[in-house]
Amino acid sequence: MTSMRTVLNELLNERATPVEEVMARHFVPAYRQRTDGTWADWTEVARNLTRIRSAIRSVRIEMLDELTDGRAYADRHVLTVEMADGTSQVRESYVFGRLAENGRFERIEEVTLVTSTSER
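Per the numbering used here, residue -11 is the first one in the sequence shown, and the count goes up by one each step.
Hints were generated in silico from the structure; no laboratory data involved. Think of the CB as a built atom: it goes at the ideal place given N, C-alpha and C, for glycine as much as any other residue.
Cβ pair distances, simulated, as ranges: (1) A18 to S104: 33 to 41 Å; (2) L55 to D24: 16 to 24 Å; (3) E8 to S104: 26 to 34 Å; (4) P17 to E107: 37 to 45 Å.
Put together the whole structure using the sequences plus the hints.
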């Protein structure tokens, strides 16, 4: 199992690699994600990540807690996001997931709080 820190870094900061290629390394084809109550499948997640990549300049990832127990996964992390327009956000996320036998993510359920924002 790869750390979510690595997954997030590859998805958000290493933009030379296509989103779909990064996702194929870390998520099963039937992957589903619920963020703040809304479910998305693999295709929708890829589309959202592509859109997010175009709106950000960089992301600093701070992993506060990370735990695996068999195929169960949980973490708490903070993202400091520098937007392309010069603004920034700090977002804290609580993540619960399930891993496939091969260590890739099958499902993630996440709640995200914006803890601070700044304007240009």
